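Turn these sequences into a full structure, and let the hints steer you where they fit.
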Amino acid sequence: MSRAMETSRTVTRRPDFTARALVPLGLFFGLALVFPFLPLGTRAEYLLQIAFFTLVAAILALSWDILARSGQVSLAHAAFYGLGAYGFALLGKVMPWFAAMPLAALIAGLVSLILGAVTLRLSGMYFAIATLAFTEVVRTIIQNLPESVAGGANGLLVPALLGGNARAQYFLAFGVLLFTALVSLAIRRSRLHHAFAAIRQGEETARVLGVSVVRYKLAAFFISSFLAALGGVLFAGKTFFINPLETFSLANSIAPLTTSIFGGLYTTLGPMLGATVLRVAEELLHNSVKNGYLVVYGLVLMLTILWLPRGLMGLLRRGKHGGEL
Amino acid sequence: MKKMLLTGVLLALSGAGAVKVGVLLPLSGSGSVSGQAARNGYLLALDEINRAGGVLGKPLDLAFADDGSSPAKAVPEFVKLVTVDKVDFMAGGVSSATSIAISGPAKQYNTFMAWIGAAAVPVEDAFADHKYFFHYHPWSYYNFEAILDYFKYLKRSKGARNIAIAYEDGPFGSAGIDATVAAFKKAGFNVVMSEKFKTGSGNFGPLVSKAKAARPDILYWVGYDTDALPLATEIKQQNLQLGLIYGTPPSWPVGFEKNKLADNIAGLSLWLPSSPQAESRKFVAAYKQKFGNMTEEYFAPLAYVNLKTLAAAINRAGSTDKDKVAAELAKTNTPTPFGPLTFSKSLKTQYQGFKSGNWLHFQFLGDSRVPVYPVKFAQKPMVWNK
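Chains as they are written, first to last, in numbering that gives the first Met the number 0: chain A, 0 to 324; chain B, 0 to 385.
Bear in mind the hints are in silico, worked out from the structure with no lab data behind them. Please note that the accuracy of each hint is not assured.
As the list claims (entries may be wrong) - Incomplete in silico selection of chain B near chain A, CB under 7 Å:
{"no.": "1", "residue": "P75"}
{"no.": "2", "residue": "V78"}
{"no.": "3", "residue": "T82"}
{"no.": "4", "residue": "G103"}
{"no.": "5", "residue": "A118"}
{"no.": "6", "residue": "P121"}
{"no.": "7", "residue": "S173"}
Here the structure is a predicted model, which means the values were calculated and not measured. Even glycine gets a Cβ: it sits at the ideal position worked out from N, Cα and C.
Spelled out as structure tokens, the structure:
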């Protein structure tokens with residue numbers, strides 16, 4: 000078979016999933032589902048807390064990855080995450096959590112369309128800087144709202160999700176991550192996948208191929224920010240408190256980016272795997288290298304990215320079906 | 000061999016049933032300077048407590064955990080201390096955000112908390128209904144009460160009338176700024192300027208020009224240490240005539256006191272190594288002996304006082320029963336490096352330790368921080384430049 004034919008087959012292949020390809024994903028969610036019931040002894044409650052924040056990190060990373068698939072390397076994730084957190088804190092005062100949660104995410108989704116529309120012509124570094132500036136704008140607006148509304152620079156208390164029940168909160172986070180993964184898989188199976196990939200590889204070419212770049216880029220923004228905002232809701236409802244400086248911090252935009260790269264870009268399992276491995280590694284290092292664990296953590300992260308440019312998924316892709324997801 | 004085995008068994012037995020205190024501190028991340036200072040304070044107190052016979056006849060045991068200055072790390076670490084390490088009491092706490100984040104588990108496990116930091120008002124809201132929450136650090140509104148008291152003194156003694164406010168645009172500087180302006184006005188001051196700046200920008204030219212035109216007696220600066228030197232430089236360059244520059248950064252730049260630009264700038268601290276209280280002098284001597292140097296971070300003596308008073312309360316209670324220990328700790332009336340410590344109600348919590356009267360106002364004079372107010376603690380007369 001000629002090289003050209005091989006390439007042609009790669010491009011036109013449908014992103015169908017074989018049952019074997021779904022196995023790693025199934026294992027991940029199976030393990031996450033039974034995790035609270037594992038006989039972990041006295042460490043059970045502590046590990047459940049770690050697992051909760053790991054799920055939130057995975058939601059953020061996967062939602063960021065969905066946007067990145069359309070070639071938009073965003074630094075605005077903190078804004079969407081923060082809008083979810085603030086939306087939930089404010090709406091939670093006037094409606095039950097199960098209504099406040101999707102509504103807060105919807106608001107973040109709608110706001111993201113503004114950013115998406117403004118940055119349509121930008122790409123690469125210019126796009127990243129614009130998204131960074133957008134986060135700062137949102138932070139400033141929130142901070143300058145009357146203190147009686149959004150707590151101003153002081154921040155505000157957030158109603159506890161599910162009465163503060165750690166296990167219930169965990170399963171809610173599990174549900175949100177499962178929903179995020181299903182959205183990601185649905186995109187993978189739909190024409191969105193082809194459109195996103197085409198835009199990522201060259202907007203002009205995508206246009207020539209008949210892809211509505213504007214529509215698909217905005218769709219990526221909306222889906223990604225909606226999911227990121229759900230992550231923000233979970234975090235705020237768990238920690239009971241948000242303030243503009245920490246909620247909209249650059250760290251909340253950078254973490255999903257590094258996690259996705261570490262796990263494997265443009266995949267469903269990669270960002271989730273990345274979040275899990277990084278959180279576990281951080282915790283192990285934290286307990287074993289008391290002083291300077293962040294240095295070791297940073298080195299591990301750097302070396303992994305250097306040696307595994309396709310992230311952890313690069314290891315799975317060596318298998319026959321592993322790379323499909 | 001037998002001897003070694005016997006020693007091991009005796010040590011194990013002496014440790015069995017020991018009272019265990021969990022200490023949650025920011026040993027890494029943005030709050031680590033305060034957290035590391037607090038850790039030293041705890042270690043010093045632990046030495047003294049165990050040398051004096053320990054707690055309930057056994058050596059006191061401390062379990063440190065690093066909250067990483069992050070709520071997402073603080074919650075699991077707190078739960079680990081309570082459920083895995085099974086500590087009897089919790090101490091520590093510096094950041095407000097991490098303290099609020101653990102308020103849920105603290106209530107869930109009904110944890111006894113002797114808390115040293117977290118001064119923001121939302122923390123007070125979060126722990127308002129917690130039965131076993133003892134808060135040592137003054138709440139943020141007590142800080143401002145102390146500042147206002149000092150400025151009123153300057154009004155009486157120096158005729159200060161006009162205040163210019165320069166505040167950073169983040170939560171630290173901006174929080175409650177409207178209330179601050181209103182309080183100054185209510186106290187009879189003219190707020191001739193209220194200008195925000197971006198911390199770390201280093202550009203104070205326009206701000207100082209504006210202040211110069213407003214002719215204030217006091218420049219009240221609310222920002223971080225990184226802005227101290229650029230602001231002082233700009234004031235010097237523009238020759239802004241002021242009675243006093245008063246700053247309230249969480250910490251001052253290292254070596255700032257040695258810089259000529261720092262001369263006469265005033266600030267607020269709960270404690271200084273030069274604090275005149277006898278307990279402070281004792282603390283300084285003990286700290287130097289153990290660590291070979293001295294810290295200016297007040298979280299070190301605060302942590303020291305925290306553990307010493309908690310241990311004393313447990314000993315007086317004669318058990319680790321939370322109600323009994325709470326009753327004894329509530330009765331605390333002891334001299335400390337900050338002045339006497341007693342617990343009384345704050346606006347929302349039951350047990351508040353230090354309040355506005357414990358703050359010291361100092362000036363950078365002759366390469367060091369010198370207490371200048373309250374007058375009874377002043378070691379040198381205050382320099383007023385007008």
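For each hint, the structure was consulted:
Proximity of P75 (chain B) to chain A holds as hinted, the smallest CB-CB distance being about 4 Å (cut-off 7 Å). Using the Cβ-Cβ criterion of 7 Å, the hint placing V78 (chain B) at the interface with chain A is satisfied: the shortest such distance is roughly 5 Å. A hinted interface residue such as T82 (chain B) counts as satisfied when its beta carbon comes closer than 7 Å to some beta carbon of chain A; here the least separation is about 5 Å, so the hint holds. A cut of 7 Å between beta carbons decides the hint on G103 (chain B): the least distance to chain A is about 4 Å, and the hint holds.
For the restraint placing A118 (chain B) at the interface with chain A, the shortest Cβ-Cβ distance is roughly 11 Å, beyond the 7 Å limit, so the hint is violated. Against a cut-off of 7 Å between C-beta atoms, the interface hint on P121 (chain B) holds, since the closest Cβ of chain A lies about 6 Å away. The beta carbon of S173 (chain B) comes within 4 Å of a beta carbon in chain A, closer than 7 Å, and the hint placing it at the interface holds.
Of the numbered hints listed earlier, the single one contradicted by the structure is hint 5.
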